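Protein chains: 2
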Amino acid sequence: MKTGNIGEFGLIERLAETLGATGDRVLRGIGDDAAVLEGRADRLLLATCDVQIEGVHFVSGTIEPVQIGSRVAAVNLSDIAAMGGSPLWALVSLIIPPSTQVEHLEEIYRGMADELSRFGARVVGGNTSSTSGPLTINMTIIGEVEKENLLTRDGARIGDILCVTGDLGSSAAGLGLDRDTSVACDAAVRKSLVHRHLTPSPRIEQGRLLGASHAVTACIDLSDGLVQDAGHIAQRSGVGVLIHAEEIPVTADVRAVATSLRMDWMDLALGGGEDYELLFAADPGRCDEILARLEEETGISARKIGEIVDGAPEVIVIRDGTKINPASAGFDHFERGGSGC
Amino acid sequence: MKTGNIGEFGLIERLAETLGATGDRVLRGIGDDAAVLEGRADRLLLATCDVQIEGVHFVSGTIEPVQIGSRVAAVNLSDIAAMGGSPLWALVSLIIPPSTQVEHLEEIYRGMADELSRFGARVVGGNTSSTSGPLTINMTIIGEVEKENLLTRDGARIGDILCVTGDLGSSAAGLGLDRDTSVACDAAVRKSLVHRHLTPSPRIEQGRLLGASHAVTACIDLSDGLVQDAGHIAQRSGVGVLIHAEEIPVTADVRAVATSLRMDWMDLALGGGEDYELLFAADPGRCDEILARLEEETGISARKIGEIVDGAPEVIVIRDGTKINPASAGFDHFERGGSGC
Numbered sequence: 017m018k019t020g021n022i023g024e025f026g027l028i029e030r031l032a033e034t035l036g037a038t039g040d041r042v043l044r045g046i047g048d049d050a051a052v053l054e055g056r057a058d059r060l061l062l063a064t065c066d067v068q069i070e071g072v073h074f075v076s077g078t079i080e081p082v083q084i085g086s087r088v089a090a091v092n093l094s095d096i097a098a099m100g101g102s103p104l105w106a107l108v109s110l111i112i113p114p115s116t117q118v119e120h121l122e123e124i125y126r127g128m129a130d131e132l133s134r135f136g137a138r139v140v141g142g143n144t145s146s147t148s149g150p151l152t153i154n155m156t157i158i159g160e161v162e163k164e165n166l167l168t169r170d171g172a173r174i175g176d177i178l179c180v181t182g183d184l185g186s187s188a189a190g191l192g193l194d195r196d197t198s199v200a201c202d203a204a205v206r207k208s209l210v211h212r213h214l215t216p217s218p219r220i221e222q223g224r225l226l227g228a229s230h231a232v233t234a235c236i237d238l239s240d241g242l243v244q245d246a247g248h249i250a251q252r253s254g255v256g257v258l259i260h261a262e263e264i265p266v267t268a269d270v271r272a273v274a275t276s277l278r279m280d281w282m283d284l285a286l287g288g289g290e291d292y293e294l295l296f297a298a299d300p301g302r303c304d305e306i307l308a309r310l311e312e313e314t315g316i317s318a319r320k321i322g323e324i325v326d327g328a329p330e331v332i333v334i335r336d337g338t339k340i341n342p343a344s345a346g347f348d349h350f351e352r353g354g355s356g357c
Numbered sequence: 017m018k019t020g021n022i023g024e025f026g027l028i029e030r031l032a033e034t035l036g037a038t039g040d041r042v043l044r045g046i047g048d049d050a051a052v053l054e055g056r057a058d059r060l061l062l063a064t065c066d067v068q069i070e071g072v073h074f075v076s077g078t079i080e081p082v083q084i085g086s087r088v089a090a091v092n093l094s095d096i097a098a099m100g101g102s103p104l105w106a107l108v109s110l111i112i113p114p115s116t117q118v119e120h121l122e123e124i125y126r127g128m129a130d131e132l133s134r135f136g137a138r139v140v141g142g143n144t145s146s147t148s149g150p151l152t153i154n155m156t157i158i159g160e161v162e163k164e165n166l167l168t169r170d171g172a173r174i175g176d177i178l179c180v181t182g183d184l185g186s187s188a189a190g191l192g193l194d195r196d197t198s199v200a201c202d203a204a205v206r207k208s209l210v211h212r213h214l215t216p217s218p219r220i221e222q223g224r225l226l227g228a229s230h231a232v233t234a235c236i237d238l239s240d241g242l243v244q245d246a247g248h249i250a251q252r253s254g255v256g257v258l259i260h261a262e263e264i265p266v267t268a269d270v271r272a273v274a275t276s277l278r279m280d281w282m283d284l285a286l287g288g289g290e291d292y293e294l295l296f297a298a299d300p301g302r303c304d305e306i307l308a309r310l311e312e313e314t315g316i317s318a319r320k321i322g323e324i325v326d327g328a329p330e331v332i333v334i335r336d337g338t339k340i341n342p343a344s345a346g347f348d349h350f351e352r353g354g355s356g357c
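The listed protein sequences correspond, in order, to chains U and H. Using the numbering used here, the first residue of the first sequence is number 17, and each one after it goes up by one. Using the numbering used here, the first residue of the second sequence is number 17, and each one after it goes up by one.
One or more hints might be untrue.
Treat identical chains as interchangeable: a pair holds within one or across any two.
[Claimed, not checked] Here are the simulated EDC-like pairs of lysine to aspartate or glutamate, each with C-alpha atoms no more than 16 angstroms apart in a straight line: (1) K18 - E313; (2) K339 - D283; (3) K339 - E323.
It should be emphasised that the hints constitute simulated quantities derived from the structure, not laboratory data. Remember, predicted model here, so these are calculated numbers, not experimental data.
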């Protein structure tokens with residue numbers, strides 16, 4: 017079977033079967049945002065890797081080299097955020113067409129270093145290779161988290177409240193505007209949304225707060241789209257995830273751009289992907305407190321968008337009182353990129 | 017300036033300038049075989065990454081998928097060996113042309129898992145992405161070493177003895193035979209040398225012994241060729257490295273193949289690269305003991321091939337009593353692959 021026909025998650029499942037189970041010093045292997053490994057004293061190590069490829073994840077000419085670097089770092093940092101951790105160290109593989117300008121790579125490196133340093137992390141190693149293919153940058157990030165603060169995908173309990181940070185669909189709207197410059201849009205809005213797409217903000221500070229609250233039972237970062245990522249929580253926790261579509265935070269700008277793109281804003285929010293916000297399930301008795309603290313202490317608000325319910329481990333979306341089919345939403349990463357696992 | 021014109025090491029130097037210095041929890045960043053990081057209790061963490069690319073590091077059709085997997089693991093494991101460490105965990109990025117067969121990837125994964133498990137390590141995470149370019153596999157390995165057993169490139173002292181494990185030039189001879197099947201060669205010899213090239217053996221056990229001996233002052237794995245890698249010890253330790261060409265272990269088979277390839281066997285040994293043996297400097301008073309223990313306890317012999325001398329930090333090769341110019345030897349990795357740094 018060709019990989020193009022099996023899909024990213026099918027492939028990962030097949031490959032994971034080749035590997036052994038977890039062991040003494042591996043608390044979690046494949047199946048969460050990062051591997052969870054034995055650390056020093058009361059800490060756990062987190063390790064995750066992700067790749068950005070020219071023509072798949074970004075297109076030269078529409079993104080500055082320094083932004084490519086920021087983006088590589090941000091998508092990896094986001095996986096550490098989803099585990100409640102702090103990033104420490106990064107390793108970078110630069111896979112380069114020989115015609116690449118050294119100055120271009122220096123700018124990419126500067127973008128990576130700056131984005132990492134915002135969160136106290138740094139590049140500690142790497143390698144370079146030439147390729148006949150497109151510019152490809154792989155980053156591995158190693159981070160850590162206090163044992164009691166670890167966030168995972170698999171602890172959601174029936175009755176928990178489902179929440180999401182920030183707003184959704186901005187990245188997909190920005191991508192749409194970036195791909196089709198003929199779409200009518202206010203210049204400042206276009207610039208802002210394209211920027212949101214090109215350089216996402218990893219929610220490290222928010223993940224730290226959620227982990228330290230000890231009231232968040234499951235968490236994931238939104239790389240593949242709300243429905244697909246909520247599905248990971250459903251499957252890993254063995255619960256149903258109910259989403260009230262009207263509660264999903266989507267800005268007026270994104271709704272307007274969706275109309276210009278001749279799309280339903282809901283599709284951008286449910287399936288757009290690459291928002292890199294945090295989706296989490298919280299103890300119903302502590303949820304309001306957590307949302308208040310997120311806003312006060314980190315300046316990023318979060319919103320209740322659903323709840324964890326009894327039933328099959330799947331995602332149910334209710335819109336205008338009607339259950340809608342979420343299977344049509346979500347990116348397949350063999351069409352657009354890939355995410356850490 | 018194009019990266020094709022600056023060379024791998026020039027590029028790494030330029031990029032490293034973009035990054036900060038080492039800090040509290042980073043004992044060594046870019047510049048050795050692996051980054052050295054704070055670990056648990058009396059251990060240090062080691063982290064390194066390396067990539068294998070179809071058409072650059074291997075050519076499908078001349079290598080089995082399971083061998084591709086072994087090779088990816090081996091070249092990374094070799095960097096951990098050079099630091100005296102034990103590998104623990106690996107993260108893998110598979111960057112895949114959409115036409116790739118799933119079964120092909122499963123075989124690659126099996127090769128990786130088997131090679132890692134020989135040394136007690138395993139894959140704990142990764143990701144997949146599609147590419148318009150060639151099949152590209154990145155692996156990051158995290159390992160550990162007891163603080164007092166760490167091997168680095170920078171501790172060689174004047175008077176130390178330079179030694180190398182195994183024999184050199186076999187990989188380059190195997191590559192030559194693999195590239196040109198018309199070269200006359202005994203079938204068993206061809207098979208053996210090609211195998212040496214395709215699936216190198218990381219010297220983990222030997223590196224562990226050298227580190228624990230506390231009598232080895234510098235160590236590096238031979239990925240780029242003897243002269244180039246000895247040059248790293250010279251530069252990082254600030255010493256001269258003198259190599260007696262006649263002492264370099266090169267088998268009769270490699271010498272014969274060199275003749276068939278119309279090459280000097282010395283060039284295969286000095287510049288061929290990818291032997292993944294360990295080159296190390298040892299305390300002269302303890303060297304014989306170390307060589308005896310390597311053979312007895314690991315079944316791999318090592319040989320004295322030179323010494324650390326006063327003078328400029330460069331490599332001097334003496335052949336038949338004459339100093340020869342080693343600058344002509346060594347691979348440039350923008351022609352063939354790339355190595356961890």
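How the hints compare with the structure:
| no. | hint | verdict |
| --- | --- | --- |
| 1 | K18 - E313 | neither (48 angstroms within a copy, 46 angstroms between copies) |
| 2 | K339 - D283 | within (15 angstroms within a copy, 71 angstroms between copies) |
| 3 | K339 - E323 | within (15 angstroms within a copy, 77 angstroms between copies) |
Hint 1 alone, counting from the list given before, is not met by this structure.
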